[in-house]
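With these hints in hand, go ahead and build the complete structure from the sequences.
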Amino acid sequence: MIGYLLRRVLYAIPILVGVNVITFLLFFTVNTPDDMARMQLGVKRVTPDAIARWKQDHGYDKPLFYNAHAAGGARVTDTIFYAKSVRMFAFDFGASDDGRDIAHEIRRRMGPSLAVQVPVFVAGLGLYIALALGFAFFRGTALDFWGVVICVVAMSISTMFYIVGAQYLISKLWLWLPISGYGETPQDTLRFLVLPVMVGIIAGLGPSVRTYRTFFLEEIGKDYVRTARAKGLTEGAVLGRHVLHNALIPILTGVVVAIPALFIGGLLTESFFGIPGLGSYTIDAVNQQDFAIVRVMVFIGSLLYIVGLMLTDLSYALADPRVKLQ
Amino acid sequence: MNPHARRAAAALFTALLAGAAGCGSPWNNPYPADASGGNVLYYAFNERPKHLDPVQSYNENEIQFTAQIYEPPLQYHYLKRPYELIPATAERLPEARYLDARGKALGAGAPSSAIAYTVYEIHIRPGIYYQPHPAFARDAQGRAVYQDLAPADIRDRHELRDFPLTGTRELKAADYVYEIKRLARPGLHSPVLGLMSDYIVGLGDYAKTLQQAAARQKAAGRGGAWLDLAQYPLEGAEVVDDYTYRVKIKGQYPQFLYWLAMPFFAPVPPEAERFFAQPGMEENNLSLDWYPVGTGPYMLTRNDPNRVMVLDRNPNFRDERYPDSGEPGDEAAGLLADAGKRLPLADRVVFTLEKEGIPYWNKFLQGYYDGSGIASDNFDQAVQLDSRGQAQITDAMRKQGIALSTAVATSTVYMGFNMLDPVVGGGPDEASRARARKLRQAISIAVDFEEQISIFRNGRGIAAQGPLPPGIFGYREGEAGINPVVYTWDAQAGAPRRRPISDAKKLMVEAGYPGGVDSRNGQPLVLHLDVTARNSEDKSVLEWMQRQFAKIDIQLEPRPTDYNRFQDKVLKGNAQIFWWGWNADYPDPENFMFLLYGPQSKVATQGENAANYRNPEVDRLFEQMKDMPNSPARQEVIDRMTGILREDAPWLWGLHPKDYALYHAWVHNVKPNKIANNTLKYKRVDPVLRDQMRRAWNRPVLWPLAAAAVLLALFAGLGMRTWRRHESGTAREAA
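In order, the protein sequences belong to chains A and B.
Each residue of the first sequence is one higher than the one before, starting from 2 at the first, in the numbering used here.
Each residue of the second sequence is one higher than the one before, starting from 65 at the first, in the numbering used here.
Some hints could be false.
Mimicking DSS-like on lysine-lysine, the simulated pairs with C-alpha atoms at most 30 Å apart in a straight line are [what the hints assert, rightly or not]:
no.: 1; chain 1: A; residue 1: Lys56; chain 2: A; residue 2: Lys45
no.: 2; chain 1: B; residue 1: Lys312; chain 2: A; residue 2: Lys63
no.: 3; chain 1: B; residue 1: Lys569; chain 2: B; residue 2: Lys615
no.: 4; chain 1: A; residue 1: Lys45; chain 2: B; residue 2: Lys722
no.: 5; chain 1: B; residue 1: Lys168; chain 2: A; residue 2: Lys85
no.: 6; chain 1: A; residue 1: Lys45; chain 2: B; residue 2: Lys615
no.: 7; chain 1: B; residue 1: Lys633; chain 2: A; residue 2: Lys45
no.: 8; chain 1: A; residue 1: Lys45; chain 2: B; residue 2: Lys314
no.: 9; chain 1: B; residue 1: Lys633; chain 2: A; residue 2: Lys85
no.: 10; chain 1: A; residue 1: Lys56; chain 2: B; residue 2: Lys282
no.: 11; chain 1: A; residue 1: Lys56; chain 2: A; residue 2: Lys85
no.: 12; chain 1: B; residue 1: Lys738; chain 2: B; residue 2: Lys615
no.: 13; chain 1: A; residue 1: Lys45; chain 2: B; residue 2: Lys312
no.: 14; chain 1: A; residue 1: Lys63; chain 2: B; residue 2: Lys236
no.: 15; chain 1: B; residue 1: Lys405; chain 2: B; residue 2: Lys144
no.: 16; chain 1: B; residue 1: Lys633; chain 2: B; residue 2: Lys615
no.: 17; chain 1: B; residue 1: Lys463; chain 2: A; residue 2: Lys85
no.: 18; chain 1: B; residue 1: Lys144; chain 2: A; residue 2: Lys45
no.: 19; chain 1: A; residue 1: Lys45; chain 2: B; residue 2: Lys168
no.: 20; chain 1: A; residue 1: Lys45; chain 2: B; residue 2: Lys738
no.: 21; chain 1: A; residue 1: Lys173; chain 2: B; residue 2: Lys236
no.: 22; chain 1: B; residue 1: Lys603; chain 2: A; residue 2: Lys45
no.: 23; chain 1: A; residue 1: Lys85; chain 2: A; residue 2: Lys45
no.: 24; chain 1: A; residue 1: Lys63; chain 2: B; residue 2: Lys615
no.: 25; chain 1: B; residue 1: Lys633; chain 2: B; residue 2: Lys603
no.: 26; chain 1: B; residue 1: Lys463; chain 2: B; residue 2: Lys236
no.: 27; chain 1: B; residue 1: Lys168; chain 2: B; residue 2: Lys312
no.: 28; chain 1: B; residue 1: Lys272; chain 2: B; residue 2: Lys312
no.: 29; chain 1: B; residue 1: Lys272; chain 2: A; residue 2: Lys56
Calculated directly from the structure, the hints in this document are not laboratory data.
If you want it as structure tokens, here you go:
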């Protein structure tokens, strides 16, 4: 297993380099260093001199990938790509284009993102599995039919609708909770988390419940379930002990890979609920053309995704003894 | 559960809910419960500020903080209109002293051509002190406590409050000079360095000197070390004595006084810069760019731009009083009720980050923000137009005690013609320029900005008659102020009336485009509009614009693009017609007229003349007008310039936006001031009324909770029953 993991870690390096190259290409196709300078300096009274100075101070006065005016290895190293990437791969994220330490910001913002995403993940997973099991239990009945219909409807609705709807009902009409914001203390924060967590769970309910129900129904038709029933186990015991355990393997595929991404936070949710997390950090950076932050967040996102895939493989092996990692 | 226990539980639940609803802080209160009742102003900001260093901050989302903290020598009178400069930390408004090229003093009546330099001597008031700050902290022996820290002493300090000792010191003239020098400091990117280098004697060279000094430091391995600007004299900014400094300007630039009311010219204590320049500070995000140090009414005590920014009253703020005079009508409006009271009137200002409009608006309605703008989505809920077209607050808002404040912004939004374009700008010969001029005039008549304001801005704006917005010297009201190329005066209505479309069509014929067809080659006239269209509303505006051009048979092809590409096109002169706008830096016609000054051409000099308009007569008049004091003679020059510009029509003059703002009944001394930014010190709040209203407006509605509990119990009971039946059932139906 260790050999397998080492191999996966080595595979990750070209993937991360590739993602970094694509990020560079995409970003600089849309924004030139001059655009970035203008965005930072403001649009009024910006002189060509000021733009040149900003680019020089921030290391954007070099060619992107290849410096034809340099000699030897400097042709590659004296470029924006090299200068900005090498430190990042050593996890030295440096400062954003407005001068703030990115690592510090990430540390500060990770907490609020996790405060929303972890409850959504844990409570959501529990609820989705419980509901899916319930529908499987009542399969073929009107309850199952309407449950599936509601799931299909729910998955067709945009997250925006849930956000605005929840804010309207819970905070505007019934005045139960603050419409947005974040608390001063952990205790105070709880009341700000209820709404985004609720929205997060509801937004994921439709697709997840429907998918998990399919997994359960697939397992229910198998021989070992018939055997369990024949042995006289109640339907609850069959579902809870046998079907759930075996259906967990496909569920893990989608779930474990999402665990590292919880750090990244929710882009829309954080913006609408005023959660000072990493999701809103990324959105702000894109809007402000802060390439330093964008590339770091893309790098962390891809790194976490790779970690998620590795964790998925590991969890397979742990959940199913038939799976061996070689 | 037996019936008695069930009844007891129900009673307990009801009592809990009723208790929660009836007492304590409202459930939806976004602020800590112990914050209620304070003399605090609550506002929102929608974008985190990038810079809080006065030498760099220029955007509205930055200056709303820095203007409360830093005090330049001058400021604008809060109530008087037209806008009037008054002293802030200065003893009095500085007077210009003119010198010839040899440095010899000239009299006040000296001709402009003889004036080589202007000197302003600024006297600041003694006894003004900085806010408490660790950079000033001294021990019992008078030694600075935090000025020579080792990196290890800084490693665990990430906030300013991690330096428990603070101190202060008196404001000195040298601090103002230091800030002027900082405009040129390497690593800081002041947006006004280019402009000020044209005026302040020696500033351009000073920037080069400092760059060389910084390079020498870097070569010596001391790249991050503090560069003490006091070691590098600047000819254009000198200290005369502790309370006097002198600024030397090239030629005449009377608008310089307006710049002296901006944070770019606020004092910065060198010890604060030195404090933040210590190794390890920047790595911990401790910088002057993030922790401002000023003498103003407020100091930034919490800087969490991801969530909340808190300004607290500066305990060392000088004795400044609320104005005792204003415009006629101010007294009746209650704006002089606090005359003579010591400023600031509020103890604290809390700004909460609110990126989205829906939460912002609803929190305002719930009383959690003291003021709010009005988004298009909420306009009908907040404002209705009366029979005369005047904006009135709706009954629902009035019932809540909300007041509407409106003001025409000192801004202009226009559509520019690229004068380098052969079709709309004309060629090198007079005949083609005349054709293009008539075409532009025809379009000016056809594009009905009154309609645009009505449809897309809910009436929030006035159609522009020229480059100057109301509130700026030179703007003319009524019949004298109309643009005769586009309007006639309707004496009955007492308002301008747009010329009929037949006039525009006639101009099209004269321009050589009868029926929208180029008479020279028989091709239909197709024009291109470059815009940064982002949403569905932008699309509607573009469709509307196409219809306006179609009135005179011109095919308009919008070319929506992103902002970067758009800027690039305008910079390179590749746009044909484009949207653009300008917000006044200061209330002087020069600040608008220079947008059409030839040497400011965007393509030629990357200046602010985006239309690349060049008219020698306008340029000559501009050079004459810019140095004149506000007077009938200056008005006459402006009228002549405006007349030529209207005839030439390099812009569709567009509109001047009208800003609408809503305030709750507990906020006092609200008077829109579109130029000054340091106005929070004048605002007064009635926290008792606010608390009462918040409680009254935010009583939670409890029946849905009870209904949800009942429904949940019902479903649970039903589920359990079905489960039991399922589990105890037999495979075969009973016979």
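Comparing the hints with the structure gives:
Pair hint Lys56/A plus Lys45/A holds up; C-alpha atoms about 17 Å apart against a cutoff of 30 Å. This hinted pair does not check out: Lys312/B and Lys63/A have alpha carbons roughly 38 Å apart, beyond 30 Å. For the hint pairing Lys569/B with Lys615/B, the CA-to-CA distance comes to about 9 Å; that is within 30 Å, so the pair holds. The hinted pair formed by Lys45/A and Lys722/B meets the criterion: a straight-line CA distance of about 21 Å does not exceed 30 Å.
Straight-line distance between C-alpha atoms of Lys168/B and Lys85/A comes to about 55 Å, which puts the hinted pair past the 30 Å bound. With a CA separation close to 35 Å, the supplied pair Lys45/A and Lys615/B exceeds the 30 Å bound. Under the criterion of a C-alpha separation no larger than 30 Å, the hint pairing Lys633/B with Lys45/A is consistent with the structure, at around 16 Å. Taken as a hint, the Lys45/A and Lys314/B pair is honoured in the structure, with Cα atoms around 22 Å apart against an allowance of 30 Å.
A hinted pair counts as satisfied when its Cα atoms are at most 30 Å apart, and Lys633/B with Lys85/A qualifies at roughly 29 Å. Taking the CA atoms of Lys56/A and Lys282/B, the gap is near 18 Å; set against the 30 Å cutoff, the hint holds. For the suggested pair Lys56/A and Lys85/A, the alpha carbons sit about 13 Å apart, so the restraint of at most 30 Å is met. Pair hint Lys738/B plus Lys615/B does not hold up; C-alpha atoms about 36 Å apart against a cutoff of 30 Å.
The straight-line distance between the Cα atoms of Lys45/A and Lys312/B is roughly 24 Å, inside the 30 Å bound, and the hint therefore holds. Restraint check for Lys63/A and Lys236/B: the C-alpha separation of about 43 Å exceeds 30 Å, so the hint is violated. Between Lys405/B and Lys144/B the CA atoms are separated by roughly 18 Å; this keeps the pair inside 30 Å, and the hint holds. Distance check on the hinted pair: Lys633/B and Lys615/B sit about 27 Å apart at the alpha-carbon level, within 30 Å; holds.
Note on Lys463/B and Lys85/A: the hinted pairing is violated, with a Cα-Cα distance of about 57 Å set against a maximum of 30 Å. Taking the CA atoms of Lys144/B and Lys45/A, the gap is about 28 Å. The hint holds against a cut of 30 Å. With a CA separation close to 36 Å, the supplied pair Lys45/A and Lys168/B exceeds the 30 Å bound. Between Lys45/A and Lys738/B the alpha-carbon distance is near 18 Å, which keeps this suggested pair within the 30 Å criterion.
In summary, the hint linking Lys173/A to Lys236/B is not supported, as the alpha carbons are separated by about 52 Å, beyond the 30 Å threshold. Restraint check for Lys603/B and Lys45/A: the C-alpha separation of about 26 Å stays at or below 30 Å, so the hint holds. Under the criterion of a C-alpha separation no larger than 30 Å, the hint pairing Lys85/A with Lys45/A is consistent with the structure, at around 28 Å. Annotation: proposed proximity of Lys63/A to Lys615/B is violated, straight-line Cα distance about 50 Å (limit 30 Å).
Restraint check for Lys633/B and Lys603/B: satisfied, since their Cα atoms lie roughly 20 Å apart, inside the 30 Å limit. Under the criterion of a C-alpha separation no larger than 30 Å, the hint pairing Lys463/B with Lys236/B is inconsistent with the structure, at around 51 Å. Restraint check for Lys168/B and Lys312/B: satisfied, since their Cα atoms lie roughly 13 Å apart, inside the 30 Å limit. Simply put, Lys272/B and Lys312/B have alpha-carbon atoms about 19 Å apart, close enough for the 30 Å limit, and the pair holds.
Restraint check for Lys272/B and Lys56/A: the C-alpha separation of about 17 Å stays at or below 30 Å, so the hint holds.
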